[in-house]
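There are 2 protein chains.
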Amino acid sequence: MYEVELKVEADHDEVRRRLTALGADPLGTVEQVDTYYEHPVRDFGETDEAFRVRRETDDEGTETRVTYKGPLVEESSKTREEFETGVEDGETMERMLEELGFEPFEAVEKRRERFACEGYTVTLDTVAGLGEYVEVETEAADIEPAREGAVALMTDLDLDPGEQVRTSYLGLLLESRDE
Amino acid sequence: MYEVELKVEADHDEVRRRLTALGADPLGTVEQVDTYYEHPVRDFGETDEAFRVRRETDDEGTETRVTYKGPLVEESSKTREEFETGVEDGETMERMLEELGFEPFEAVEKRRERFACEGYTVTLDTVAGLGEYVEVETEAADIEPAREGAVALMTDLDLDPGEQVRTSYLGLLLESRDE
Numbered sequence: 000m001y002e003v004e005l006k007v008e009a010d011h012d013e014v015r016r017r018l019t020a021l022g023a024d025p026l027g028t029v030e031q032v033d034t035y036y037e038h039p040v041r042d043f044g045e046t047d048e049a050f051r052v053r054r055e056t057d058d059e060g061t062e063t064r065v066t067y068k069g070p071l072v073e074e075s076s077k078t079r080e081e082f083e084t085g086v087e088d089g090e091t092m093e094r095m096l097e098e099l100g101f102e103p104f105e106a107v108e109k110r111r112e113r114f115a116c117e118g119y120t121v122t123l124d125t126v127a128g129l130g131e132y133v134e135v136e137t138e139a140a141d142i143e144p145a146r147e148g149a150v151a152l153m154t155d156l157d158l159d160p161g162e163q164v165r166t167s168y169l170g171l172l173l174e175s176r177d178e
Numbered sequence: 000m001y002e003v004e005l006k007v008e009a010d011h012d013e014v015r016r017r018l019t020a021l022g023a024d025p026l027g028t029v030e031q032v033d034t035y036y037e038h039p040v041r042d043f044g045e046t047d048e049a050f051r052v053r054r055e056t057d058d059e060g061t062e063t064r065v066t067y068k069g070p071l072v073e074e075s076s077k078t079r080e081e082f083e084t085g086v087e088d089g090e091t092m093e094r095m096l097e098e099l100g101f102e103p104f105e106a107v108e109k110r111r112e113r114f115a116c117e118g119y120t121v122t123l124d125t126v127a128g129l130g131e132y133v134e135v136e137t138e139a140a141d142i143e144p145a146r147e148g149a150v151a152l153m154t155d156l157d158l159d160p161g162e163q164v165r166t167s168y169l170g171l172l173l174e175s176r177d178e
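Protein chains in written order, with numbering that gives the first Met the number 0: chain E, 0 to 178; chain B, 0 to 178.
It is possible that part of the hints are untrue.
Copies of the same chain are indistinguishable here, so a pair counts whether it falls within one copy or spans any two.
[To be verified] Within a straight-line C-alpha distance of at most 20 Å, the following computed SDA-like cross-link-like pairs (lysine to any residue) qualify: (1) K109 - V40; (2) K68 - G128; (3) K68 - E102; (4) K68 - G100; (5) K68 - P39; (6) K109 - G148; (7) K68 - F101.
Keep in mind the hints are simulated off the structure, nothing from the lab.
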């Protein structure tokens, strides 16, 4: 399965109104703190991979997940192969990774408000240090039709898929540091 | 906290009788399959570290834990610093590690019958390809008194702490391959 995802920068109030008009189903809000790690010898910036520990907090408490993202397999929709699993104790996992030579190099903090809409997940992200973004995503074995559906839904939400932001929040944060 | 552990090779039937006489409390039996990984660039054989994924199966099902063991900090009792946490999906964790450049190089399979006895855990291990062993272990902030207690308990079990096997099952298996 591939993750197909389109993202644009957009004011959330407008999009929330369109989601309500389309009958979208609110899925709740979470806070996420992602710590990205450097590989002991590989330059993830060059290999286009990412490895992170995510702590997600909702009303029920905090959960930790570890994720590896492979290089892009489909440029236009930012599609990557991804492996992710939950871990019992996030702090221990972080200590272990550091002992193995992985070093934390950037943290991304955001508030995510999710909706289910026409088979897609629409997420309103407020990212610390960056601003407001909207993501439309789904998982699919077949990339192209999933991408076309995401473009159609973006248009229904009065968003312009042509303004797609292909850079990850991590990348945007790193770029903003360089400025 | 440090893990203090003494291990000897010993016939289990004798030890089980002594454990019963000492009023030890049976804690059940599990099967463990440990997969040890090579670091992408560090030689764990030289740095005296280990990194493994353990699948443990009991009556309730299978659980996966990931463990990093640091180099020895106290030679005589095999004491190491250790980080361990449970993971939701062992197979995904293994795929992720392989993508990051970790390669599986040896598997250790054993049946472990555990008892609680005088503040220690006594484990009767039957290790595939090696034979029968007994481990006496505990966790302690203060190494020396914990080690002295382990020696005393070994003696009470009619085992000879002087015959301590300092090599891990992994090391013993690797040695047996070289013979």
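Tested hints:
1. K109 - V40: neither (29 Å within a copy, 34 Å between copies)
2. K68 - G128: neither (23 Å within a copy, 38 Å between copies)
3. K68 - E102: both (17 Å within a copy, 18 Å between copies)
4. K68 - G100: So K68 and G100 pass the 20 Å test inside a copy (19 Å) and across (13 Å) alike.
5. K68 - P39: both (16 Å within a copy, 18 Å between copies)
6. K109 - G148: neither (26 Å within a copy, 50 Å between copies)
7. K68 - F101: Both. Shortest intra-copy (15 Å) and inter-copy (16 Å) distances satisfy the 20 Å Cα cut-off.
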